[in-house]
Amino acid sequence: NAGVTQTPKFQVLKTGQSMTLQCAQDMNHEYMSWYRQDPGMGLRLIHYSVGAGITDQGEVPNGYNVSRSTTEDFPLRLLSAAPSQTSVYFCASGRTGAGTEAFFGQGTRLTVV
Amino acid sequence: KNEVEQSPQNLTAQEGEFITINCSYSVGISALHWLQQHPGGGIVSLFMLSSGKKKHGRLIATINIQEKHSSLHITASHPRDSAVYICAAFSGGGADGLTFGKGTHLIIQP
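If you read the sequences in order, they're chains A and B.
Per the working numbering, residue 1 is the first one in the first sequence, and the count goes up by one each step.
Per the working numbering, residue 1 is the first one in the second sequence, and the count goes up by one each step.
Calculated from the structure, these hints are not laboratory results.
Note that the structure is predicted; figures quoted are calculated from it, not measured.
Beta carbons: idealized from backbone N, C-alpha and C, even for Gly.
Please note: incorrect hints may appear among the correct ones.
Said to hold, decoys possible - Here are some of the chain B residues that sit facing chain A, going by a computed Cβ distance under 8 angstroms:
#1 Ser30
#2 Ala31
#3 Gly42
#4 Ile43
#5 Leu46
#6 Leu49
#7 Asp96
#8 Gly101
Unchecked claim - Here are a few chain A residues that sit away from chain B, every Cβ distance over 10 angstroms (derived from the structure):
#9 Thr5
#10 Val12
#11 Lys14
#12 Ser33
#13 Leu45
#14 Gly58
#15 Ser69
#16 Phe103
When you get a sec, could you build the whole thing from the sequences and use the hints?
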């Protein structure tokens, strides 16, 4: 049972480049979410999904896009990377919502130069 | 918007000491999570609670809904407990995600 799998673990991008952070879970969880973690701040919600075909914005959605075509996968797309998006990104899932036990991926350390 | 505050920000203790980390929040919640983040960066869920107390091994989490406060206790602390401990509140409804504290960086010295 792999849990939540996030790839890549590290990535360096140039300003203006686009990329997709992958997140997959094998627990049949309805709820998936993306957070970013910055020094001196708590994790902040970027986007979340409560089921296939349903996504919504969190606290800091600008510059990011998501889709949820299957229960298992919830990719996060950076449309045109900016240095302000340098951060550590975490994908998380829960059985039915954020009020259920949270399972986190290992994180992606992204640097935009 | 819920504000989640943790204290202390940093804590260094000797092996064997009893550790308490506090978390307070400003708005009523449906659930509160305690998470552990090791130096390698991964985040693991320790507890999720909405009332009372939960215990797992040497870890105990309590919550007082009326006072909007939760504590994480570690008994007989060990160097392997060194990590960042994060509390996160779920208010329910609206923006359906967690609001996180900034974390408590715990170091247990042998």
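Against the structure, the hints come out as follows:
no.	hint	result
1	Ser30	holds (5 angstroms)
2	Ala31	holds (4 angstroms)
3	Gly42	holds (5 angstroms)
4	Ile43	holds (4 angstroms)
5	Leu46	violated (10 angstroms)
6	Leu49	violated (11 angstroms)
7	Asp96	holds (6 angstroms)
8	Gly101	holds (6 angstroms)
9	Thr5	holds (12 angstroms)
10	Val12	holds (17 angstroms)
11	Lys14	holds (24 angstroms)
12	Ser33	violated (6 angstroms)
13	Leu45	violated (4 angstroms)
14	Gly58	violated (5 angstroms)
15	Ser69	holds (20 angstroms)
16	Phe103	violated (7 angstroms)
In summary, the numbered hints that this structure violates are 5, 6, 12, 13, 14, 16.
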